[in-house]
Amino acid sequence: AQSVAQPEDQVNVAEGNPLTVKCTYSVSGNPYLFWYVQYPNRGLQFLLKYITGDNLVKGSYGFEAEFNKSQTSFHLKKPSALVSDSALYFCAVRDRGSTLTFGKGTMLLVSP
Amino acid sequence: NAGVTQTPKFQVLKTGQSMTLQCAQDMNHEYMSWYRQDPGMGLRLIHYSVGAGITDQGEVPNGYNVSRSTTEDFPLRLLSAAPSQTSVYFCASSRSWEFTGELFFGEGSRLTVL
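So the sequence lines, in the order shown, correspond to chains X and H. Counting from 1, one number per residue, gives the positions in the first sequence under the working numbering. Counting from 1, one number per residue, gives the positions in the second sequence under the working numbering.
Worth flagging that the hints you see were computed from the coordinates, not collected in a lab. From a predicted model like this one, the values you see are computed outputs, not experimental measurements.
One side only, chain X facing chain H, incomplete, derived with CB under 7 Å:
| id | residue |
| --- | --- |
| 1 | Tyr32 |
| 2 | Gly43 |
| 3 | Thr99 |
Built from N, CA and C at the ideal position, the CB exists for glycine as well.
This is chain X alone, in the form it adopts within the complex (with noise of 0.2 Å):
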């Protein structure tokens, strides 16, 4: 079975630093790997996505996402973090054949 780990239950940082947020991940094909970030009382939005390609992805917001295949690992990143980024935040995984599973999510918290 397929499965996401997000291992930080929330993340902390300080407006203008960099934020990463930790994902790993186990499918048995190849995987597809999704972000997603979720504002109170709201649903998720599609943040962005790796299917094949380049190992950097980028998406909305000016966030990133890093495919790491020997560590199964597709950290979410941001080279300068906004008080408007805090929120929550999900990674998800599928393969060819599968639905989507969701990690547990992390919250990020970004001080002014």
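Using the hints provided, position chain H relative to the given structure of chain X.
Here is chain H on its own, set in the frame of chain X:
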């Protein structure tokens, strides 16, 4: 485009009552799904549909029914509500099964079962 619309946004039920959560999308998406979100557990797939007339079970289907008579609508029925079904429910859609990872979510329906 309204995107994915869920109703109601809030609902309180008593144990044993039944109800239907409505979901409609206006993007002509083939794939639709229902997730529940519980604190510390992320999102778990309840049921999904790859097209009109086709539905399948997800990770946590017990106690829920779905149907897909049209492309636009994908209602979720709670047959006999239990306190364990207290949760926030999200409907999500995508262009097709191939794009299952790129989901468009509704705003959620918060259900409390007493």
